[in-house]
Amino acid sequence: MINLTIKQALQQLKNRSISATELTKAYIDRIEKYGKKLNCYITITPERALQDAAESDERYANGKTLALDGMPIAMKDLFATRGIRTTAASRMLENFVPHYESTVSQNLINAGTILLGKANLDEFAMGTFSKTSYFGAPINPWQIEKNLTAGGSSGGSTSAVAGGLAIAATGTDTGGSIRFPSAMTGLVGMKPTYGLCSRWGCIAFASSLDTPGPIARSVDDVALMLSAMAGHDDKDSTSAPDAHFETDGELKPILGDGKKLKVGIIKEFNNVEISADMKKLFEQRIADLKSMGAEVVEVSIPNILDALAAYYIIAPAEASSNLARYDGMRYGLRVEGDGPYDTYKKTRAAGFGEEVQRRMLIGTAVLSSESYEVYFMQAARVRRMIADSFKSAFEQCDLIVCPSSAGTAMPLDSDLTPLEYYALDLFTVAMNLAGIPAASVPCGLAENGLPLGMQVVGPRFSDMCVLQLAKHIETAANIDNRPTTIMGE
Amino acid sequence: MAFSKQQLKKFTDLIKIEISDEKLDSMNIDSVIEWLDKLQTIDTTGVKPMLNPAEHNLPCREDIVTEPNMREDILANIPDKTGVSRGYFAVPKIMDE
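Chains as they are written, first to last, in numbering that gives the first Met the number 0: chain A, 0 to 488; chain B, 0 to 96.
Worth flagging that the hints you see were computed from the coordinates, not collected in a lab.
Hints should not be assumed to be uniformly reliable.
Said to hold, decoys possible - A few chain A residues facing chain B, derived, Cβ under 8 Å:
{"no.": "1", "residue": "Ala60"}
{"no.": "2", "residue": "Gly62"}
{"no.": "3", "residue": "Ala66"}
{"no.": "4", "residue": "Ile361"}
{"no.": "5", "residue": "Tyr374"}
{"no.": "6", "residue": "Val381"}
{"no.": "7", "residue": "Leu415"}
{"no.": "8", "residue": "Thr416"}
To be verified - Using 20 Å as the maximum straight-line C-alpha spacing, the simulated DMTMM-like pairs for lysine to aspartate or glutamate come out as follows:
{"no.": "9", "chain 1": "A", "residue 1": "Lys345", "chain 2": "B", "residue 2": "Glu21"}
{"no.": "10", "chain 1": "B", "residue 1": "Lys8", "chain 2": "A", "residue 2": "Glu297"}
{"no.": "11", "chain 1": "A", "residue 1": "Lys234", "chain 2": "B", "residue 2": "Asp62"}
{"no.": "12", "chain 1": "B", "residue 1": "Lys80", "chain 2": "A", "residue 2": "Asp337"}
{"no.": "13", "chain 1": "B", "residue 1": "Lys8", "chain 2": "A", "residue 2": "Asp341"}
{"no.": "14", "chain 1": "B", "residue 1": "Lys4", "chain 2": "A", "residue 2": "Glu354"}
{"no.": "15", "chain 1": "A", "residue 1": "Lys266", "chain 2": "A", "residue 2": "Asp247"}
{"no.": "16", "chain 1": "B", "residue 1": "Lys15", "chain 2": "A", "residue 2": "Asp337"}
{"no.": "17", "chain 1": "B", "residue 1": "Lys4", "chain 2": "A", "residue 2": "Glu353"}
{"no.": "18", "chain 1": "B", "residue 1": "Lys47", "chain 2": "A", "residue 2": "Asp341"}
{"no.": "19", "chain 1": "A", "residue 1": "Lys345", "chain 2": "B", "residue 2": "Asp12"}
In this text, a Cβ means the ideal position worked out from N, Cα and C, and glycines have one as well.
Build the full structure now, drawing on both the sequences and the hints.
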C-alpha cells in the first residue's frame, strides 16, 4: 500500500477497496520499522493519525469527502501544529508546544489529510544536509547502507516520502531546501511563487525568501498537495491577494500536438562544473523536450553566479533579526545566568547550534552600521538585478530549465567547509531571491544508481505551467521511485 | 572588508550569544565575509534595492482582535513557571533592591 501515489490512493479510497485506517496503519507500521533508522521524524503522532483516519473513513462512508481525504502526510517540523511539539530541530524549541496551527498545516487538515508526524530538518532550516538538526541527521533511503544525506533543509520530509513513511510531505524552501533534497531522493519538490502559500505559523528563517511548498513522488501529487496548501491569508502580509492554485489531479500537457513552447537554458550555468551524469541526463531531457516540439533557446541571467553571495548576505541578515526573538523569557529554553543579559547569552549559546550561531553572527556583521550599505544594501541591489534579468529572460522564453544540483547525494560524514556547503545552493538560490516558482523533478539515475533532478522555473504565478512542463520531464525520465524499489523491500 | 577580532566580539555581544574566543576562531566567519566581498565589484549604480519579492498589492487587514482570551495558552510554554498562577511572565531580576 505504501507504494501508492496520492492519485492512486484517492482512487482506491473512493472505490472503497481500501480504507483510510488501513492506509494509515500501513504507514504507521512502516514508521515503526524504519522510522528510527532513517531518523526522518522528530515527533510521531500515531494516535492523532488513527483518529484523523477514522474521521476520514466516516466522510467516505457519508460521501462527503475532501480533496485529499485520508492522505497520510509528514509535516516539516518548522510548521506550528496545535498541541503537537514543534521544534525547528533546535534545542531552543525542544519542548515548545504551540497553541496555534500554521495556515499551511490548517489548510491541509481542511483538505482531509492525516498527520503522521513532524519531519526532521536542519536547525531552523539552515543547512543542505539536514545534519545541523539537534536531533541528528535523517538518512537517505537510497542505498541506505552508504549513509547518504537526504538533502536539506527538508531532509526529514524527503527521507520519509522516499522511504514510504509518508505519502507526501510539506517542506520550506529559503534557498533550495525543497528542491535540493527532492533531487537527492528521486522526488518531486516545488518551491511555489513567493506569496502563494502563507508563511503564517511557519517558524521564520529569512522572511523575504521563506517559501512553503510540497514534496511528493509524482508531479500530479505535488500539484494536488499545492492546491490544498495555497491560498490568500490575511495573517501573512506578503500573501498574494488572489493566491490560488487549482487542479483536479490531472495536469494538462503543455507540449505535443503542435503546441508551441519556448524553453530557456541559462547561459551562465554552462560553465559551472557539474558531474558527467548530470550533464548527460540534462542533455537527454532537453533532447526529449525538443522532440516533443519545444523550442530551446539560450537566455542570460548575467549576475546569477553572484546570487549565492547575495543570498548569504540577505538570508543571515534576516535570520539574525528573526532569531532575536529567542530570549528564553516567554517560551523555549532558558539557561539562568547572572541577570537578564547573561541569561540571554547563556540561553542562546546552549540553545542554538553552531551553524545558526554562525549565520546570526554573519547577519549581524552585514547589518552593522559600518557595513549596512556595503553588504546588505548592495546585496539587495544585486537581488533586483537578478529578478529583473529573469523578467527579461521570460520575454524570450516561457519557462527555464536547469540542473537542481551538480551531482548525486553525498555521504553524511563528508567534511566540507561552510563555504563548500553554501556552494551546493548554487543552482537554487536565485529563484528565492526573485520570488519565482521552481520545481525539481527527477531527470534520471546516475551511473552509481542514485537519482538526479532538474528544475523547471517560471515567471511569478506561473506555478501551473512549471508543473505541466515538469510532468513531461518526469514521464521522459521515468525513474522508479517506489519506496519498495528504493529500499529493496 | 575584514572584521577585526574585536569587531566580531562586539557582534557576539550585540546578538547576546556567549561564544568563546577559540570557538569564534574556528567558525570561519572571516573566510565567509571575504567571499561575500566579491559583490562589491558589481556596478549597481541607480538600481533600487529589492527587499521583498512580493511587490504586488499588499492589503492590510482590519485592526480587530480575532483570537481573544489566550493568556493561559500563551503562558503555557514559559520556561520559568513562578509567575504563571498570577498571569505573569517571570523574568530574571533587572534592577537592584
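key: Restraint status (C-alpha distance of Lys4 of chain B to Glu354 of chain A at most 20 Å)   = It holds: about 19 Å lies between the C-alpha atoms, which stays within 20 Å.
query = Would the hint on Thr416 of chain A stand, with a C-beta cut-off of 8 Å toward chain B?
reply = Nearest chain B Cβ about 7 Å off; hint holds.
query = If you draw a straight line from the CA of Lys345 of chain A to the CA of Glu21 of chain B, is it 20 Å or shorter?
reply = holds, 17 Å
inquiry  = Check whether the Cα positions of Lys4 of chain B and Glu353 of chain A lie no farther apart than 20 Å.
reply    = holds, 18 Å
Status of the Tyr374 of chain A interface restraint (C-beta, 8 Å, chain B) = Where the cut-off is 8 Å and the nearest Cβ of chain B is about 6 Å from Tyr374 of chain A, the hint holds.
ask   = Regarding the pair Lys8 of chain B and Glu297 of chain A, is the alpha-carbon distance no greater than 20 Å?
value = Outside the cut-off at roughly 47 Å; violated.
Distance restraint between Lys345 of chain A and Asp12 of chain B, which requires alpha-carbon spacing of 20 Å or less = Distance of about 12 Å is within 20 Å: holds.
inquiry  = Less than 8 Å between beta-carbons is the criterion; does Leu415 of chain A satisfy it with respect to chain B?
reply    = violated, 11 Å
query = Would the pair Lys8 of chain B and Asp341 of chain A pass a check requiring their Cα atoms to be no farther apart than 20 Å?
reply = holds, 15 Å
ask   = Does the structure keep Lys47 of chain B and Asp341 of chain A at a Cα separation of 20 Å or less?
value = Violated, at about 40 Å.
inquiry  = Please verify whether Lys266 of chain A and Asp247 of chain A have alpha carbons no more than 20 Å apart.
reply    = violated, 36 Å
query = Holds or violated: Ala66 of chain A as interface residue toward chain B, Cβ cutoff 8 Å?
reply = The hint is violated - Ala66 of chain A has no Cβ within 8 Å of chain B, the shortest such distance being about 26 Å.
Hints 1, 2, 3, 7, 10, 15, 18 from the earlier list are contradicted by this structure; the remaining hints agree with it.
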